[in-house]
Each structure stands twice: as structure tokens, then as C-alpha cells.
Amino acid sequence: MSPKRIVLRFGTDISVKPIVYRLVKDYDLVVNIVKADVNPQKEGTMILEVTGDQSEDGLNYLRNLGVSVQNLTQEIVRNDEKCVMCGACTGVCPTGALYMERPSMEVRFDGDQCVFCQLCVKVCPMWAMEVRL
Amino acid sequence: MSVEKTYAEINTKIKAGKAIVVTAEELITLVEEKGLTKAAQEVDVVTTGTFAPMCSSGAFLSFGHTKPRMKMQKVWLNGVAAYTGIAAVDAYIGATEMHEDDPLNSNYPGEFRYGGGHVIADLVARKPVKLKALAYGTDCYPRRNLETTITLDDINEAILFNPRNAYQNYNCAVNLTDRTIYTYMGMIKPHMGNANYSTAGQLSPLLKDPHFKTIGVGTKIFLGGGIGYVAWNGTQHFPSMIDVEGKELGSAGGTLAVTGDLKQMSPRWLVGTSYLGYGATLSVGIGIPIPILNKEIARYAAKKDEELFAPVVDYGEAYPSFTPGNLGYVSYADLKSGKITVNGKEISTAPLSSMPRAREIAATLKGWILKGEFQLTEPVKTLPSPADGFTAHSIKED
Numbered sequence: 001m002s003p004k005r006i007v008l009r010f011g012t013d014i015s016v017k018p019i020v021y022r023l024v025k026d027y028d029l030v031v032n033i034v035k036a037d038v039n040p041q042k043e044g045t046m047i048l049e050v051t052g053d054q055s056e057d058g059l060n061y062l063r064n065l066g067v068s069v070q071n072l073t074q075e076i077v078r079n080d081e082k083c084v085m086c087g088a089c090t091g092v093c094p095t096g097a098l099y100m101e102r103p104s105m106e107v108r109f110d111g112d113q114c115v116f117c118q119l120c121v122k123v124c125p126m127w128a129m130e131v132r133l
Numbered sequence: 001m002s003v004e005k006t007y008a009e010i011n012t013k014i015k016a017g018k019a020i021v022v023t024a025e026e027l028i029t030l031v032e033e034k035g036l037t038k039a040a041q042e043v044d045v046v047t048t049g050t051f052a053p054m055c056s057s058g059a060f061l062s063f064g065h066t067k068p069r070m071k072m073q074k075v076w077l078n079g080v081a082a083y084t085g086i087a088a089v090d091a092y093i094g095a096t097e098m099h100e101d102d103p104l105n106s107n108y109p110g111e112f113r114y115g116g117g118h119v120i121a122d123l124v125a126r127k128p129v130k131l132k133a134l135a136y137g138t139d140c141y142p143r144r145n146l147e148t149t150i151t152l153d154d155i156n157e158a159i160l161f162n163p164r165n166a167y168q169n170y171n172c173a174v175n176l177t178d179r180t181i182y183t184y185m186g187m188i189k190p191h192m193g194n195a196n197y198s199t200a201g202q203l204s205p206l207l208k209d210p211h212f213k214t215i216g217v218g219t220k221i222f223l224g225g226g227i228g229y230v231a232w233n234g235t236q237h238f239p240s241m242i243d244v245e246g247k248e249l250g251s252a253g254g255t256l257a258v259t260g261d262l263k264q265m266s267p268r269w270l271v272g273t274s275y276l277g278y279g280a281t282l283s284v285g286i287g288i289p290i291p292i293l294n295k296e297i298a299r300y301a302a303k304k305d306e307e308l309f310a311p312v313v314d315y316g317e318a319y320p321s322f323t324p325g326n327l328g329y330v331s332y333a334d335l336k337s338g339k340i341t342v343n344g345k346e347i348s349t350a351p352l353s354s355m356p357r358a359r360e361i362a363a364t365l366k367g368w369i370l371k372g373e374f375q376l377t378e379p380v381k382t383l384p385s386p387a388d389g390f391t392a393h394s395i396k397e398d
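Those protein sequences? They're chains A and B, same order as listed. The letter at position 126 of the first sequence is residue 126 when you use the UniProt record's numbering, and the numbering goes up by one with no holes. The letter at position 363 of the second sequence is residue 363 when you use the UniProt record's numbering, and the numbering goes up by one with no holes.
Honestly, I wouldn't trust all of these hints.
Pairs of lysine to aspartate or glutamate, EDC-like flavour, derived with a Cα cap of 16 Å [to be verified]:
no.	chain 1	residue 1	chain 2	residue 2
1	B	Lys67	B	Asp139
2	B	Lys336	A	Glu106
3	B	Lys336	A	Glu101
4	B	Lys247	B	Asp153
5	A	Lys82	B	Asp122
6	B	Lys339	A	Glu101
7	A	Lys4	A	Asp28
8	B	Lys5	B	Glu296
9	B	Lys13	B	Glu33
10	A	Lys4	A	Asp57
11	B	Lys220	B	Glu373
12	B	Lys263	B	Glu111
13	B	Lys130	B	Glu111
14	A	Lys122	B	Glu111
15	A	Lys4	A	Glu56
If you're looking for bench data, these hints aren't it; they were derived computationally from the structure.
Kindly produce the complete structure, drawing on both the sequences and the hints.
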């Protein structure tokens, strides 16, 4: 069974709850936390890889708690026609997926490091970073 | 042995295909290998380049007359207003004008997806552009409205005229406040979470001729992928020299007003640009040749990133409130390394100015000169230099 990649977004009330523990304990799921982040406003984002027979039940449990559950079928791609390699994105990318190669100062994009935060999509001055389904 | 060359001598060599032309980065290597005197003797021309957002940009467009004639009073290009307070079918489209229906910062931070810079980029890409015009009607110009589609090739003249480009140097922006800010220097995170800068450093045209010994009115340049000229000094042209750690340094200082025929430029070098929460603008590619007339000109042209410094400025509080001063200076070598230290804190840096594109411009200009297609022009008037001591005034309020 191949793992399901999902993005969870939740508010302050959920941040204090052991939701991953529940997925493992109550729904017998194998959970790999790809990324987890709680911002200063205590809103959380989590990217999980979930494997197990009861994965749909587990996700319904999260939805009933008020967690936004989104399948991670989208990806961020760079439109090389539009990118001018300025580097503005590298200052905001939280994981270093977008980085400057030195000394050439060319901008590189390592899709494996991308956690789909979409900050680059918003800050790219040339609209070169795109969300693809 | 002294080095003295004239424009005429250099142009003769260019025409004969015998000129020695190097980019500003190649000159640095050459000086390191052979010394300044030998490099100055050998090299005839040094090419520079920069590709970055340059807000004070725009184009004069002369559409041609309608039948019956019309004295356009209001004009929009793809929904972006152009200034028509000039003759009947002339208008100036400014890079930072926004689309009429843009929500601007009402949904902060606004996206500013389409503005005058994007119109200019669409025109130069030969895309069809919607022209809408209104008029009050006169006896000689009776027509009152017009809606049509134009392309760059349809209209009579399109003259890029950028009143302030090619800033000599620029601030490195940080944010000392506790909230994220959205500026023309990009998104700056709180508590000095990142630092953005925007020059090409050792390739940047005016950092390589800080005393304006060779760049002046009439200087022929690479502009937007085509040929352009320096029209005048740019607005806010305040060249000065600062001493940083015992090193002479060009301040933010000098700027250029540049112009050229938009029809021979290229969409690769004029790119519509948006800054989240700030606005839209135009990224412009500029390359300027510097003739190595003597050793002093070579010495400045060979300055490297380690010897060029940018002031670090707080865009959270100091910049918006117009509070003078800065948080110190950092070298372009440090900025390009990806990390600087300010107030004892290590901060990661990101550029807004494309080095790969700057290199491409310097190399392209070098190629044009080597082929004998591009000769140098002696300025018909020199621009104010640091010695002239120009300083800025702020607006006097009643």
C-alpha cells in the first residue's frame, strides 16, 4: 500500500491536541511527519505520509475536529521561461528548496525539499513559481 | 609607463577588430594576474551590466492619428492609465502605474499583478495591447472615444525614456520591527530575519565609474536588449564618496536617465515585475562600456566585491520615517556569500538583482564591441560627479 501524502492546516485549539498519536493508536496508521510547523499565531501546518487500512477513517476523525485536510497532489514548479534568476525567493523559502548556487549566483530549485508553503509563489516578482496539479 | 588613450584611438581599434574588450569581472582577474598598469595598457574597453527592477521607467508612445482626429485626454493600455497631458495622440506609460481595477493593498499584502511595466513588456513582446481613449472633442479633433487593439509595430513611435535607472549603489534592507514588512526591497521578516540587496556589485555600471569620468550625456549603452543612450543624469542623482574602513566608496549616489527606441529592444531585457504588498514595476537590463583611457579609470573599473560596500538600512522603522543613518556597511563579497553580520546577528541575504543576467549583458555588449558593431561615444556633457557636492532636499511642508 502506497502512502497518502496530505497537508493538514489547523488553528490554536488543535495545536495543543495529540492528533498524530490518535491516528497511530486509534486508527493503526503508519505516520511519517514530513513537516510540521506552528507559527507565532499558534496556527499549525503539517505534511504527513499516512499508510494503513483505516486511513480514510483517520482523516475523517481529523476533519470532524475541524482540521483542514488536503491531498498533496499539487506541486510547485518553476517556469524557467519567466525566472530571471534574481534570487528574491531564496530569502523567504523556509527549507532551502530554492537556493543560490555560488559563485555563479544562479537560483536552483530542489523540489524534494519543497513543503508547499507557496511563499515563493507570492513573492516571486516575475510570477515564475507556479502551482501545478 | 603611463597609459593614455583617446576615444578615437579605441574606436579605430574596434573598427579594425583589434580592440581588447573584457567584462568588469574579467578585468578584476586580469589585474590580479598582471597588475593594474599592465592591465590598463592592454585593455581598451570594460563592459558592465545590471538587470534589476528600476521603478522610474516608462515609454513615450505616439499612436498615430484616428479618423476623424482625436485629442486624447485619457488613455488606458490594457486597463493601465497612461499620461496624456502632452500632444493629441502622445502618451507616457509609467512602469509603476497600476491596472484601474487592481485592488492595490486593500487586501494586504496586495499582489499588484499588472501595471505599466507589464504593458511595456507586453508591447516589446509584440503582444496585442488594448488601447482605450476618451476625449472632450474640439473643432480640429472632434472624436470623443476610441477602443482598439494595437501592437508595438502598429504605432508610430515608442521611445523608452527612464528618468532614473542604474542606481550606483543601493541599501541592503533589513527589518528591526516585530512584523513582516512588504517593500520594494521584497518581503523582509521581523527581527532581522533576512536581508535583501539589489545591485550587481562588481559588474554594476556606476560602481565602476564612480567619478563619472567616462559615462555622460550621449554615452551609447546596452538598453533593454537594444541600443540606448544616456540622456541626462537620473533624478535623485547625488553622487558622493564615503570612507568605509579606510576605503573610498560610491554611495547610493549616482543615477542615469536613459532612452532608446523601444521597437529594437527585447522582452528578455524588459520584464514586468511585481512586489508583494508594494507595487508593480519594470526590470531593465543595462550595460555600459567603460573606455580605459588611463590607469585611474582602470583602477575604479577593477574594484571588486570585497572593495564595494552597501549600507544596511532598517526598512521597518528608519526608512519609512525618513530617519537618517544606517546599521553599518557590508561588502558585496559578504552579501553574495549569503550571510552578513549586523549588530552581532548573522542574517541570511538574498539578491533582487540578477547576477546571471548582469553577466549575460556584460558578455553581450563585449560581443557587440568585438564584432565592430558597437563603437564608443565620448560624452557631449559630463554628469555631476562627487566633486560637485550635490545633496538631496526633502519636501518642505507648509
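Do the hints match the structure? See the list:
no.	hint	result
1	B:Lys67 to B:Asp139	14 Å, holds
2	B:Lys336 to A:Glu106	11 Å, holds
3	B:Lys336 to A:Glu101	10 Å, holds
4	B:Lys247 to B:Asp153	50 Å, violated
5	A:Lys82 to B:Asp122	13 Å, holds
6	B:Lys339 to A:Glu101	14 Å, holds
7	A:Lys4 to A:Asp28	14 Å, holds
8	B:Lys5 to B:Glu296	12 Å, holds
9	B:Lys13 to B:Glu33	24 Å, violated
10	A:Lys4 to A:Asp57	13 Å, holds
11	B:Lys220 to B:Glu373	12 Å, holds
12	B:Lys263 to B:Glu111	29 Å, violated
13	B:Lys130 to B:Glu111	22 Å, violated
14	A:Lys122 to B:Glu111	7 Å, holds
15	A:Lys4 to A:Glu56	10 Å, holds
Checked against the numbered hints above, the structure violates hints 4, 9, 12, 13; every other hint is satisfied.
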